[in-house]
Amino acid sequence: MKEGTLTPEEVMAHLTSRLSGGIRDTSIRKWEQGRKKVPHYTLWVDLERDFLKPAIRALMEIQFPHLSVIAGADLGDAIRLLYIFSVQYGSPKSEYMVTFAIALPKSDLTVPTISDLIPGAVFSEREKQEFFGIRVTGIPDSRRLFLPEDFPEGVFPWRKDETGVPEGMVRELWESKRPKDRPAPPVKEKGPGTAGGETPAASAPAGGSAKEGER
Amino acid sequence: MSGESKKAPYRVPIGPNHPALKEPVMFTFELEGEVVRDVDFAPGQTHRGIEWMGMRRNPVQIVHLTDRICGICGVVHSLSFSLAVEQIAGIEVPERADYIRTIVHEFERIQSHLLWAGVAAHELGFDSLLHLTWRVREEAMDVIENLTGNRVNYGIVQVGGVRRDIVPEQHAIIEKCLATYEGLLDTLLSFFLDDRTIRMRCRDVGVLSRKDALELCTVGPTARASGVNVDLRQDYPYAAYGDLDVKAVLPDRYLGETHGDVYDRIVVRLLEVGQSCQIIRQCLSEMPAGPITAEEKLVKLLATCKKATGEGIGRVEAPRGECLHYVRMEGKDSPASWKVKASSYSNLMSWIPMLRGSQIADIPIIVASIDPCLSCTDRVAIVQDSRRSILSKDDLHRLSVEKTRRLQG
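Same order as they appear, the protein sequences are chains X and R. Heads up: the first sequence runs through residues 1 to 215, numbered per the numbering used here. Heads up: the second sequence runs through residues 1001 to 1409, numbered per the numbering used here.
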């Protein structure tokens, strides 16, 4: 590797030389702010899934990269995972963000763990497992992270398909696991016979407040 | 729980608790006598599904939602979200707005670090120092209120700029506050750093090595105290920081050595208060004239955001470290995806190496030393010989204070 700080183009060239055949798309984006318009750069690299770990190893040749977070997006037929790194921290005004994006088809939502390279990644990997329903193979700790123990299995809050949070879980949130020793809510309790169909008088205040909440 | 076993190590759960603070957290300690052998934690007791909510709202609504993610860091979340959206939609922020953003951002750092210093003093048993620190913190809160209209949830940042200008009459108010802090800084430093007891309680306690700090993705003062040279204001300039020459505050630049302990974290935070004062002063004198927002009319702004497609990352140096927002827009009202990475998110893992091998009485100060956005040591159940006894947060605090008194002799 060249000594000193690299330009964004040099970082990108280093990555593409190490990952031939695994790169789908790359771009370098520049953004300038302030009076002097000092730029900062974001490098985006779209990868084949198998090239994720070689890509991180290639990044490690520059500097031990800082992993900010693993972000994700549900694209319909696939889950896009973005591993957001930064390198060249410590050198004034020449840190770059490097984002490795991979797509996991919904038919095979698995990705290898990167915690053997970056131990701190396990935190974000656990979060992606519970929020996107992906499976991180080889993860040293696969427990839930943020979701409560009694959150239903098979519901993944950030998915946009049928496994996302169902409408009813939000609308009738107040009645889920409501303790019995609390004061009654401002709506009439559902009787055993009226399950699913409230009387208009009982549903009016609840419906009204729900709408107000939406505004 | 294997705590029923009669032999050491005992497994001791702590927390979760305290809805008053942002994130309660559940700890499980493995104890052998007074010594922590291992530790595990489970966050998420106040996960409010903010990202889920955001994916059903438009960017202008989300900015106000981001204000409410954290009660201390009111500006960092709205700033990083706005930076992400501005990059996607190609909205260029006026220079004056960059400076106002920077000034409010630095005032937030001052009040956050002073709040933390007070908490640290309290955990060690110096309650008079807590009250004095929080008394002087009020100066920054008053200025923030004067600049933004609010003590918390500032509502100052909007996509494309800021919502309030800083007028010439306010310069005197800001200057008075900065002078107060600069006059106080030496006193604060000597209270915290020259005190024999604070040194005994914090030196080489809760050590995080540089290697662990890197591998666990640690950010902010916690990483800097372990000797990692990271500060986004220095490395990855945003807002007006590209025009300033911010240097990361590292303990070896002040003390000549790095221990990576609680003491170093105090050093870094207190010195950053002085650094923030200098940054604000420089911003005030160099602030350009001009508009404070790229688009005043929210309807037009929303129309621009709605047309935007692409992905963006906004990233700022919050008082606790890097705060990052990832946004994906697909030409609809609301973003297709939004991920908030607060600074404590990256710092929680560092508790494990810090707490391993420490004493029970040191738990409060070590847990507080990364300045987590949460309070956790509310309730400890100690299971010993199948008898359960509950230690409350007060008991833990008492243990910590007693240790201070013991050391003082």
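Hints were generated in silico from the structure; no laboratory data involved. If you're wondering where the values come from, they're calculated on a predicted model, not measured in any experiment. Worth double-checking, as some hints may not be accurate.
Said to hold, decoys possible - Computed beta-carbon distance windows for the label pairs:
1. P152/X to R1405/R: 15 to 23 Å
2. R135/X to P1168/R: 58 to 66 Å
3. D1204/R to S27/X: 45 to 53 Å
4. P1168/R to R35/X: 15 to 23 Å
5. Y1254/R to R135/X: 45 to 53 Å
6. K1307/R to R35/X: 52 to 60 Å
7. P140/X to E1175/R: 48 to 56 Å
8. K1300/R to R35/X: 43 to 51 Å
9. A1172/R to P112/X: 21 to 29 Å
10. E153/X to K1176/R: 55 to 63 Å
11. K30/X to P1288/R: 45 to 53 Å
12. K180/X to R1199/R: 34 to 42 Å
13. R171/X to P1168/R: 23 to 31 Å
What the hints assert, rightly or not - Computed footprint of chain R on chain X, listed as stretches where at least three residues anywhere in the stretch have a Cβ under 8 Å from a Cβ of chain R:
14. 103–116
15. 148–162
Just so you know, even glycine gets a beta-carbon here, dropped at the ideal spot from N, CA and C.
Against the structure, the hints:
{"no.": "1", "hint": "P152/X to R1405/R: 15 to 23 Å", "in the structure": "violated, 50 Å"}
{"no.": "2", "hint": "R135/X to P1168/R: 58 to 66 Å", "in the structure": "holds, 59 Å"}
{"no.": "3", "hint": "D1204/R to S27/X: 45 to 53 Å", "in the structure": "holds, 47 Å"}
{"no.": "4", "hint": "P1168/R to R35/X: 15 to 23 Å", "in the structure": "holds, 19 Å"}
{"no.": "5", "hint": "Y1254/R to R135/X: 45 to 53 Å", "in the structure": "holds, 47 Å"}
{"no.": "6", "hint": "K1307/R to R35/X: 52 to 60 Å", "in the structure": "violated, 29 Å"}
{"no.": "7", "hint": "P140/X to E1175/R: 48 to 56 Å", "in the structure": "holds, 53 Å"}
{"no.": "8", "hint": "K1300/R to R35/X: 43 to 51 Å", "in the structure": "violated, 26 Å"}
{"no.": "9", "hint": "A1172/R to P112/X: 21 to 29 Å", "in the structure": "violated, 59 Å"}
{"no.": "10", "hint": "E153/X to K1176/R: 55 to 63 Å", "in the structure": "holds, 58 Å"}
{"no.": "11", "hint": "K30/X to P1288/R: 45 to 53 Å", "in the structure": "violated, 22 Å"}
{"no.": "12", "hint": "K180/X to R1199/R: 34 to 42 Å", "in the structure": "violated, 53 Å"}
{"no.": "13", "hint": "R171/X to P1168/R: 23 to 31 Å", "in the structure": "violated, 51 Å"}
{"no.": "14", "hint": "103–116", "in the structure": "violated (count 0)"}
{"no.": "15", "hint": "148–162", "in the structure": "holds (count 3)"}
Consistency with the previously given hints fails for numbers 1, 6, 8, 9, 11, 12, 13 and 14, ordered from lowest to highest.
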